[in-house]
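A.B. asks: Heads up: the protein sequence lines correspond to chains S and B, in order.
Positions 1 to 390 (our numbering) are the ones given, in order, by the first sequence.
Positions 1 to 209 (our numbering) are the ones given, in order, by the second sequence.
For the record, the hints were derived by calculation from the structure and aren't laboratory data.
Misleading hints may appear alongside valid ones.
Said to hold, decoys possible - 27 Å max Cα-Cα, derived DSS-like pairs, lysine-lysine:
#1 B/174 with B/191
#2 S/315 with B/174
#3 B/65 with S/56
Said to hold, decoys possible - Per label pair, the in silico range of CB-to-CB distance:
#4 S/312 with B/167: 30 to 40 Å
#5 B/147 with S/252: 24 to 34 Å
#6 S/154 with B/206: 36 to 46 Å
#7 S/75 with B/148: 49 to 59 Å
#8 B/129 with S/316: 32 to 42 Å
#9 B/79 with S/318: 51 to 61 Å
#10 B/22 with S/202: 33 to 43 Å
#11 B/23 with S/152: 36 to 46 Å
#12 S/197 with B/180: 57 to 67 Å
#13 S/211 with B/75: 25 to 35 Å
All residues carry an ideal CB built from backbone N, CA and C; glycine is no exception.
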Amino acid sequence: MGEAGAFVNGAIAQSVSPDSPTLRLGPGSPLRMDSGAVLAPLTIAYQTYGALNAAKSNALLVCHALTGDQHVGNLHPVTGRPGWWETMVGPGRPFDTDRFFVICPNVLGGCMGSTGPASINPETGEPYGLDFPIVTIADMVRAQALLIDHLGIDMLFCVAGGSMGGMQVLQWAATYPDRLFAALPIATATRHSSQNIAFHEVGRQAVMADPDWRGGRYLVEGTRPAKGLAVARMAAHITYLSETALHRRFGRNLQDRSARTFSFDADFQVESYLRHQGTIFVERFDPNSYLYMTRAMDYFDLAADYGGSLANAFKDSRTRFCVVSFTSDWLFPTRDSRAIVRALNAGGASVSFVEIETDRGHDAFLLDVPDFVDTTRGFIDAAARARGIA
Amino acid sequence: MSLARTLAPPRVDLLRVAELVAPGSRVLDVGCGDGELLRLLVEQRNVDGRGIELSQQGVNDCVAKGLSVIQGDADADLVDYPNDAFDYVILSQTLQATRQPRVVLEHMLRIGGRAIVSVPNFGHWRVRTQIALLGRMPVTESLSHSWYDTPNIHFCTIADFIALAGEVGATIDKSAALDPQGRPLNPIWPKWAWNLLGEQAIFLLHRRR
Chain S
1 MGEAGAFVNG AIAQSVSPDS PTLRLGPGSP LRMDSGAVLA PLTIAYQTYG
51 ALNAAKSNAL LVCHALTGDQ HVGNLHPVTG RPGWWETMVG PGRPFDTDRF
101 FVICPNVLGG CMGSTGPASI NPETGEPYGL DFPIVTIADM VRAQALLIDH
151 LGIDMLFCVA GGSMGGMQVL QWAATYPDRL FAALPIATAT RHSSQNIAFH
201 EVGRQAVMAD PDWRGGRYLV EGTRPAKGLA VARMAAHITY LSETALHRRF
251 GRNLQDRSAR TFSFDADFQV ESYLRHQGTI FVERFDPNSY LYMTRAMDYF
301 DLAADYGGSL ANAFKDSRTR FCVVSFTSDW LFPTRDSRAI VRALNAGGAS
351 VSFVEIETDR GHDAFLLDVP DFVDTTRGFI DAAARARGIA
Chain B
1 MSLARTLAPP RVDLLRVAEL VAPGSRVLDV GCGDGELLRL LVEQRNVDGR
51 GIELSQQGVN DCVAKGLSVI QGDADADLVD YPNDAFDYVI LSQTLQATRQ
101 PRVVLEHMLR IGGRAIVSVP NFGHWRVRTQ IALLGRMPVT ESLSHSWYDT
151 PNIHFCTIAD FIALAGEVGA TIDKSAALDP QGRPLNPIWP KWAWNLLGEQ
201 AIFLLHRRR
């Protein structure tokens, strides 16, 4: 087993005993899920940064995206790379850990220590695999609320997140309007579009078509559908970038060669890059968890849960919102954010909206885009003043 | 460039607008720039204030002030607001820069119980003189753009605006014409005198039901 194999073992180990605190809830406090399933026991792995103040008013919940995890502001225990939102979280950053108590849980169904398809099913003693119940965004948020209860926090100062994290922010605002002072949904939507569901289905089929997937029982059978998951990641990765950014970075440049090889080698730099993205992803992510995460996003339709009216979801909300989109994001385009803003306005909520000019695509929310960082800092600082946080 | 502040109105203009707003009311400022008026209203009149602003810098400035502001413009975004969502909808020095001033005014009257509109007066004697004597499109201190690069594509005079208000079924509750220093002209002067001597005018209107 090579270096990659060791990484994979590290990832599996993280799903069982993560390098972070965990909240473990026994059979006495089951989680009732949208599917009707009742989940117990339940583990939520999470990271915190900074300190909770005496008034317990400075807690800032960060919700991670599809393939993120709780390691938002520290070196990743498997990859050794910096936290995934280091532009945003840390001393002096917009989510200033000298002022705020930043909490980031691994979502329900994830694979970095929170209960998910790689966890042991107490009924069989084996990993759940596809016996794990389908998870929704609302289920994720319910589980997070249990964690927030456990931490003794009544009202969060802010809930923030991009993409699938933004969906959780919107769900928080709809489900627990009295438990968040401010909300920062970024590059997100109140429902997944048909095109986005389609991309996710391609990814899932790639995983399932890998003979090593074994009907989801690969952990039991000792195989690993790495190729399928890598292809899923490669396809998805394209959707996170803009055509402009991709072409600027790679153009038609050749990879370590001066001429075409008249073969199916990775002649082009962009091919090599995508293959690399696929490879490093499978080292840290559970294939079944990828199926569950993508499904949760597909099922998300906030308006449907509120009688078809998005405005009802946010009616009489006293939360102050700042909605952010990016000009070159075609996965969650600005019109999706405008739909959120319209609904918030119709519900009479306090909302700001910014469309950040950038050519870096959907992934812009993870990158150091100065206008975006400035907007976030301004919103958070003003909200902190209003909340009376020093 | 901020659409709202292309004419860089003096602060006194904002004060005149602010005086028309009842304390504690709900206000939408369309083209709110860096949020100067909104902040004034929030701090001094305790309003629940919201804004719309086109420029990234303007929106960021507003958000940093704790104001709730949406990036957008009057032509595209007013349509999204529900009826009677605000007590006042304010459009300060921006109507002449919209693509469809009449539609914008109708939306304002639909969204708000009252609309407050301030417009630069194209009927001012300096403007008239430049056209009449020089035969050139006017460029003045407050209308500083040349005809080919001006964002102000739908100029009107005070008399024109009063006529438009009538056409859209609005009643003008209050109005004032201001001189170049922002001082109100004598309210008992006839409107033709305002139209000649006012550099800008402010109107408080509501829709007849």
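A.B. asks: Taking the hints in turn, state whether each one holds.
C.D. replies: We went through each hint and held it up to the structure:
For the proposed pair residue 174 of chain B and residue 191 of chain B, the alpha carbon gap of about 13 Å is at most 27 Å, so the pair holds. Taking the CA atoms of residue 315 of chain S and residue 174 of chain B, the gap is about 34 Å. The hint is violated against a cut of 27 Å. Proximity of residue 65 of chain B to residue 56 of chain S is assessed by CA-CA distance (about 24 Å); at most 27 Å being required, the pair is judged to hold. One distance hint, 30 to 40 Å for the beta-carbon pair residue 312 of chain S and residue 167 of chain B, holds here, with the actual separation near 37 Å.
The given range of 24 to 34 Å is broken by residue 147 of chain B and residue 252 of chain S, whose C-beta atoms sit roughly 46 Å from each other. A hinted range of 36 to 46 Å holds for the C-beta pair residue 154 of chain S and residue 206 of chain B, which are about 43 Å apart. Distance hint check for residue 75 of chain S and residue 148 of chain B: the Cβ-Cβ separation is about 57 Å, which falls inside the suggested range of 49 to 59 Å. Our hint of 32 to 42 Å for residue 129 of chain B and residue 316 of chain S is violated, since their Cβ atoms are close to 55 Å apart.
Separated by about 26 Å at the C-beta atoms, residue 79 of chain B and residue 318 of chain S break the suggested range of 51 to 61 Å. Taking 33 to 43 Å as the suggested C-beta distance range, the pair residue 22 of chain B and residue 202 of chain S does not conform, at roughly 57 Å. A beta carbon spacing of about 39 Å between residue 23 of chain B and residue 152 of chain S agrees with the range 36 to 46 Å that was offered as a hint. At roughly 60 Å, the beta carbons of residue 197 of chain S and residue 180 of chain B sit within the given window of 57 to 67 Å.
In this structure, residue 211 of chain S and residue 75 of chain B break the distance hint of 25 to 35 Å, their C-beta atoms being roughly 57 Å apart.
This entry does not satisfy hints 2, 5, 8, 9, 10, 13, going by the numbered hints stated previously.
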